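S.K.: Sequence order for the protein chains is A and B.
If you count by our numbering, then the first sequence holds residues 2 to 481, one letter each, in order.
If you count by our numbering, then the second sequence holds residues -15 to 188, one letter each, in order.
I should point out that these hints are in silico values taken from the structure, not numbers from a laboratory.
Remember, it's a predicted structure, so these values are computed and weren't measured experimentally.
Using N, Cα and C, we set each Cβ at its ideal position, and we do this for glycine too.
Please note: incorrect hints may appear among the correct ones.
[As the list claims (entries may be wrong)] Derived Cβ-Cβ restraints for the label pairs, each shown as a range:
no. : chain 1 : residue 1 : chain 2 : residue 2 : range
1   : A       : I82       : B       : V31       : 20 to 26 Å
2   : A       : R81       : B       : M(-15)    : 30 to 36 Å
3   : B       : A164      : A       : G50       : 20 to 26 Å
4   : A       : E76       : B       : I(-9)     : 33 to 39 Å
[Claimed, not checked] Under the rule of at most 30 Å between Cα atoms (straight-line distance), these lysine-lysine pairs were calculated in the DSS-like manner:
no. : chain 1 : residue 1 : chain 2 : residue 2
5   : A       : K408      : A       : K72
6   : A       : K10       : A       : K191
7   : B       : K126      : A       : K239
8   : A       : K10       : B       : K29
9   : A       : K344      : B       : K160
10  : B       : K29       : A       : K18
11  : B       : K18       : A       : K165
12  : A       : K72       : A       : K403
13  : A       : K191      : A       : K72
[Stated by the list, open to error] Okay, the calculated bits of chain B under chain A, using three or more residues with CB under 8 Å as the criterion:
no. : region
14  : 11 to 20
15  : 44 to 58
16  : 114 to 123
17  : 143 to 155
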Amino acid sequence: MTAKTLYEKLWDSHVVKQYNDNSCLLYIDRHLVQEVSSPVAFSSLRARGIGLRQAQKCLAMVDHVLPTQNKQYIEDPEARIQIQTLVDNTLEAGITYFPVDDARQGIVHVVGPELGFTLPGTTLVCGDSHTATHGAFGCLAFGIGASECEKVFATQCLKQIQAKTMRITFIGCLPVFCSAKDLALSVIAKIGAAGGTGYAIEYAGDEIRALSMEGRMTLCNMTIEAGARVGLVAPDEKTYAYLAQSPLAPKHQNWQDALCYWRQLCSDREAHFDREVSIDISQLEPMVTWGTSPEHVVPISANVPTHVNTQAQSQTRNQARNQVRNQAREASWQKALTYMQVKSGAPIAGIKVDKVFIGSCTNSRIEDLRSAAAVVAGRQVASNVIAIVVPGSGQVKLQAEKEGLDKVFTQAGLQWRSPGCSLCVAMNNDRLVPGERCASTSNRNFEGRQGVGGRTHLMSPAMAAAAAITGEITDVRKLL
Amino acid sequence: MSFSTLISKAVPLAEDNVDTDAIYPGRFLLRIDKQGAGACLFYDKRVGSNNTVHVIDHPTFKDAQILLAGENFGCGSSREQAVWALHDFGFRCIIAKSFGEIFYSNCINNHILPIVIVDNDYQVLMSAAESLHSFHVDLNSKQLSVQGGPTITFDISQQHQNMLLKGLDEIGLQLKNDSADIDSFEAAQKQSQPWLWQPIFESI
């Protein structure tokens, strides 16, 4: 037997058929369905006159367009239509759908794992790029487009070409007040926003084993921001403990059998990776983005960079080629500096913010809320700041309220909202107005992502909480 | 719809990391169909921007079917609306130093040819595009040539090349040719991993 990586094991166990053009037909075990990427897939399927092959392998809910203040009345007529379209389509197709007012509703990438819909050893897709999140369970999960959603509906399969493999090994332990978000941003700083293109990434190292499931999800979630569709962590006892009580996890003898199977899901000792990267995290600091790509990122004690060479080192050793690349990068950096209105060479700390967003499929789980609450407890949000906390799911909201975190937030002056994607994607009424600056726990700092003309600085929940209190980008370690 | 050759000017968009939020801003994702998606293409760069004409609106490039961009084009969100918008606007081929992976698949599924080029060719092609030279794309021979310039052989997987050349409908083909294999796979998995076959609605 040849040694295999985790990715190869997951891949091989789902190959239905190999074609002679080097591609494979891959079986899909789980399909998360939401309102934005599914309407055309359903209508196109209807036009073909065919139904779903396995409606029971789908789970649907609304997350992107839902208001986070008053879920009962949706003001935007387009959003109302989009939600109703999902209701109608899932009813017709026989797909399990969580209504807007259901206690289990939330962001698909938060709800799937907490229900045990996401399981080790499975393949999972969703018409959403952050599907990489589910890789935290040793699940081969990747985002797809609407056409591919239609294919999965029709055949429960996708024709795919196997990716190359990359292992990212973290050396050392995560310093206090650093989190999985800082690990994710340090990966992007190291390999660049396109560094993972063509690869399936597996995360390894002692710190990965130490990370909670929430932390692993945060890390895998942002793998797409490094260019790779797939980010994996091998399952272990933490994974099984997380799943043990979830309603969709296997029960009784099935649980025992599943455990036996899942325990084989790790990269073999001799397995070959096409690329190996190691990152020393023993000196890691909280990370903050300054620009309009997640690779525009620095440690909190640093200045906004002045030279392109200091970061996201190109892989190539060819100097001439590097020069061309760096010229292009330089141009995009200048553009980012102008858009963000930050000064090259000035400290990243101290930049004033207008809004703070704690939420999104990256950082809206219970652990994220606990770490933000610990920072704001007994303090007050700065007078120049509006801060919102959007739990990732009904279950997270309930748990947070049981722990009294909602009170901690509201007493400190943060708004406590209902679950949804909210200000990460600005498809509901949570959005920045032109020129506003936001400290955000989300995943993308693209131009206009949080609203036309809005400026986004990505950071961890604890860092965003610190920014809410001081009204500026702040080293959270100084507050604790 | 099949793709074989294309002769067109190329619109030079000399930027890296053009994300799908820029190509198709999030607020337009509320639409539930793809008709007229082209009107939203680069909306905030074209309509919102201060008086400058965006390069895709420049009269010189009217009817151009090729877009030329830098590294990591179409990164970020999986929204296929970005590709529908490019298609609706008239683009049939996108040349870039690299692509966001989901965007790349979305292109193939919408009969748009994505071509990956290397840094050195990028410079040459960018100058050619800016000089309004005609680009000639031949998917059969996997060659891209520019009027008065070099001929570049590009790489594309056989699967994708076939899909574009023949305008294949994957769903129709799989239903016709692969159904028995899918049946067998499912039957085997029901035996080996029965827990994957518990109906969801009965469990929650």
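S.K.: State for each hint whether it applies.
M.R.: Here's how the hints hold up against the structure:
no.: 1; hint: A:I82 / B:V31: 20 to 26 Å; in the structure: 23 Å, holds
no.: 2; hint: A:R81 / B:M(-15): 30 to 36 Å; in the structure: 34 Å, holds
no.: 3; hint: B:A164 / A:G50: 20 to 26 Å; in the structure: 21 Å, holds
no.: 4; hint: A:E76 / B:I(-9): 33 to 39 Å; in the structure: 49 Å, violated
no.: 5; hint: A:K408 / A:K72; in the structure: 21 Å, holds
no.: 6; hint: A:K10 / A:K191; in the structure: 27 Å, holds
no.: 7; hint: B:K126 / A:K239; in the structure: 49 Å, violated
no.: 8; hint: A:K10 / B:K29; in the structure: 44 Å, violated
no.: 9; hint: A:K344 / B:K160; in the structure: 60 Å, violated
no.: 10; hint: B:K29 / A:K18; in the structure: 44 Å, violated
no.: 11; hint: B:K18 / A:K165; in the structure: 33 Å, violated
no.: 12; hint: A:K72 / A:K403; in the structure: 21 Å, holds
no.: 13; hint: A:K191 / A:K72; in the structure: 40 Å, violated
no.: 14; hint: 11 to 20; in the structure: holds (count 7)
no.: 15; hint: 44 to 58; in the structure: holds (count 3)
no.: 16; hint: 114 to 123; in the structure: violated (count 0)
no.: 17; hint: 143 to 155; in the structure: holds (count 4)
Against the hints set out earlier in the document, violations occur for numbers 4, 7, 8, 9, 10, 11, 13 and 16.
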